[in-house]
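Modelling step: build the complete structure from the supplied sequences, incorporating the hints.
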Amino acid sequence: MSIFYFIAFLSILFAVLVISAKNPVHSILYLVLTFFTFTVQYILLNAQFLAIVNFIVYMGAILVLFLYTLMLINLNKDSEPMKTNMVKIAAVLGGGCLLVVVVAALKVVGVSDPVLVRDPNLGLVKNLGKVLFDEFLLPFEISSLLLLSAMVGAVLLATKDPKIA
Amino acid sequence: MDTREIIVRLVLIVVIFLISLVIAMYSTYAERKIAAFFQDRVGPNRAGPFGILQPLADGAKMFLKEEIIPTNSSKFLFIVGPSLAIMTACIGSAVIPWGQQIQIGTRMYDLQVTDINVGLLYIFGVVSLGVYGVMIGGWASNNKYSLLGAIRAASQNISYEIAMGLSIIALLMVTNTLSLKEIAAQQHGWHWNVLYQPIGFLLFIVCAFAETNRTPFDLPECETELVGGYHTEYSSMKLGFYLFAEYINMFVSSAVMATLYWGGYNYPGMDWVAAHVGPVVGPLIGMVVLFAKIFLFIFFFMWVRWTIPRFRYDQLMDLGWKGLIPLAIANIIGTGLWITFVK
Chain A
1 MSIFYFIAFL
11 SILFAVLVIS
21 AKNPVHSILY
31 LVLTFFTFTV
41 QYILLNAQFL
51 AIVNFIVYMG
61 AILVLFLYTL
71 MLINLNKDSE
81 PMKTNMVKIA
91 AVLGGGCLLV
101 VVVAALKVVG
111 VSDPVLVRDP
121 NLGLVKNLGK
131 VLFDEFLLPF
141 EISSLLLLSA
151 MVGAVLLATK
161 DPKIA
Chain B
1 MDTREIIVRL
11 VLIVVIFLIS
21 LVIAMYSTYA
31 ERKIAAFFQD
41 RVGPNRAGPF
51 GILQPLADGA
61 KMFLKEEIIP
71 TNSSKFLFIV
81 GPSLAIMTAC
91 IGSAVIPWGQ
101 QIQIGTRMYD
111 LQVTDINVGL
121 LYIFGVVSLG
131 VYGVMIGGWA
141 SNNKYSLLGA
151 IRAASQNISY
161 EIAMGLSIIA
171 LLMVTNTLSL
181 KEIAAQQHGW
191 HWNVLYQPIG
201 FLLFIVCAFA
211 ETNRTPFDLP
221 ECETELVGGY
231 HTEYSSMKLG
241 FYLFAEYINM
251 FVSSAVMATL
261 YWGGYNYPGM
271 DWVAAHVGPV
281 VGPLIGMVVL
291 FAKIFLFIFF
301 FMWVRWTIPR
311 FRYDQLMDLG
321 WKGLIPLAIA
331 NIIGTGLWIT
341 FVK
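Residue numbers (the numbering used here), protein chains in the order written: chain A, 1 to 165; chain B, 1 to 343.
Think of the hints as simulated: they come from the structure by calculation, not from any bench.
Note that the coordinates shown come from a computational prediction; the quantities given were computed from them, not determined experimentally.
The beta carbon of each residue, even a glycine, is placed where N, CA and C say it ideally should be.
Mixed in with the good hints, there may be bad ones.
As the list claims (entries may be wrong) - Now the stretches of chain B that chain A is said to cover, found in silico as 3 or more residues with beta-carbon under 8 angstroms: (1) 110-124; (2) 130-137; (3) 148-159.
What the hints assert, rightly or not - To give an idea of the chain A side of the interface with chain B (calculated C-beta under 10 angstroms), a few residues: (4) 23; (5) 49; (6) 51; (7) 52.
Dropping the structure here:
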């Protein structure tokens with residue numbers, strides 16, 4: 001349990017550093033660390049497959065692309081558009097409202113019913129595969145179609161050729 | 001896991017780490033000698049007999065050279081880059097089974113550091129993490145050539161990772177397991193996966209070249225366009241780490257290819273040999289066979305480097321996205337049909 005709290009503390013620390021870092025590239029690197037702490041949490045939950053997939057997909061692919069984009073556009077203090085104070089105040093108010101809603105929602109949910117995991121080895125790749133391709137086959141296939149359509153849409157938007165777009 | 005098991009594991013970890021480093025060191029020597037052979041030259045022959053001490057001389061040079069950190073670089077990340085590169089290169093070998101179970105005293109021990117049941121994905125994860133070393137180093141240098149090298153490395157890695165992952169999926173359909181220990185054991189007696197997955201192996205080896213930044217895919221450090229690519233600003237042992245990481249990666253990816261496709265520690269007639277030499281020497285012979293396969297792959301890496309010229313960047317992307325990925329998907333479909341109707 002103490003390991004959980006330590007890793008959870010690190011997750012929150014790195015997450016705060018993501019938004020407080022001045023340099024966008026540093027911010028992405030902190031995000032990489034945040035995702036790494038998530039991977040450790042999954043391993044602690046005995047969900048090895050989820051851990052390694054989080055590692056490969058988020059740390060190994062998505063964040064590399066984030067980093068790639070940020071390095072290309074090379075944001076820094078001089079070129080960053082400065083927001084006016086009005087916008088900043090509005091942002092603080094909006095964020096505060098969101099926080100209130102989230103806290104209220106959490107309060108209603110409460111912690112009365114701790115979910116009991118029937119099989120502690122559920123996160124192993126064999127069991128997870130059986131559940132995904134048997135019990136949840138339809139949602140699984142539908143979400144894969146959704147991802148495919150999103151990908152096709154992105155390619156379509158990015159294509160400049162008027163004949164194709 | 002008792003103390004003896006832990007001690008055996010620790011010894012194994014240290015030995016594998018040392019072997020990786022020594023092999024990486026002597027790969028630099030082998031590369032020069034092989035290059036010399038291909039170009040009809042002599043190669044390094046001054047330090048020691050046949051130049052055998054050349055890697056030590058190079059190491060001493062690397063350590064003693066002046067250390068330069070550019071003024072406008074991001075200093076912390078400038079140091080993190082090469083450290084990350086060498087670290088990710090070294091942790092990949094943890095899941096490779098080096099041999100069958102060996103008998104020490106009265107007990108049997110695995111010749112593998114750890115057998116996690118997602119071993120194959122672990123290797124894939126380490127490979128995908130490897131690009132951070134290059135990207136961080138290239139960006140932190142604050143040099144446009146380094147940055148271009150880093151960006152090339154990122155897009156190249158992402159592109160070829162997809163084809164590599166798809167080729168691994170086809171392999172998984174044949175093996176039905178992600179554990180490298182089981183994959184190696186399944187290939188006992190001429191059931192080598194390369195016989196079932198020839199196209200998958202071809203895809204995997206091409207992607208391995210791209211992931212290790214070896215010629216013909218070494219565009220991140222293309223010296224005719226980018227001075228030195230991502231390590232332009234690096235000097236001394238930090239440069240050494242980058243170069244060294246490439247050789248360790250080459251060793252680890254050779255070991256992975258030998259284990260996944262070429263039977264790992266299996267060799268023809270191993271049951272007969274094992275019955276005659278006993279449970280201690282038998283696994284060690286298997287280990288020697290595995291290393292022979294690894295050295296053949298390392299030689300192949302070098303052979304290609306001194307034979308095939310570098311791709312142009314658009315050719316690299318075309319090959320990855322329009323050549324390898326469709327081929328990998330076709331391979332998955334073909335494997336599926338084969339498993340359903342033939343096997």
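Comparing the hints with the structure gives:
Note: the region 110-124 of chain B has 6 residues with beta-carbon separation from chain A under 8 angstroms; the three-residue rule is met and the coverage holds. Only residues whose beta carbon comes within less than 8 angstroms of a beta carbon in chain A count, and the region 130-137 of chain B has 4; three or more means the coverage holds. Coverage of a stretch by a chain is defined here by at least three residues with a beta carbon nearer than 8 angstroms to that chain's beta carbons; for the region 148-159 of chain B and chain A the count is 6, and the condition holds. The restraint placing residue 23 of chain A at the interface with chain B holds, with a minimum CB-CB distance near 8 angstroms, inside the 10 angstroms limit.
The beta carbon of residue 49 of chain A is positioned within 10 angstroms of a beta carbon in chain B (closest approach about 6 angstroms), and the interface hint is therefore held. Checking residue 51 of chain A against chain B by beta carbon gives a least distance of about 8 angstroms; that is within 10 angstroms, so the hint holds. This hint holds: residue 52 of chain A has a C-beta 4 angstroms from the nearest C-beta of chain B, less than the 10 angstroms allowed.
The structure is consistent with each of the numbered hints, conforming to all of them.
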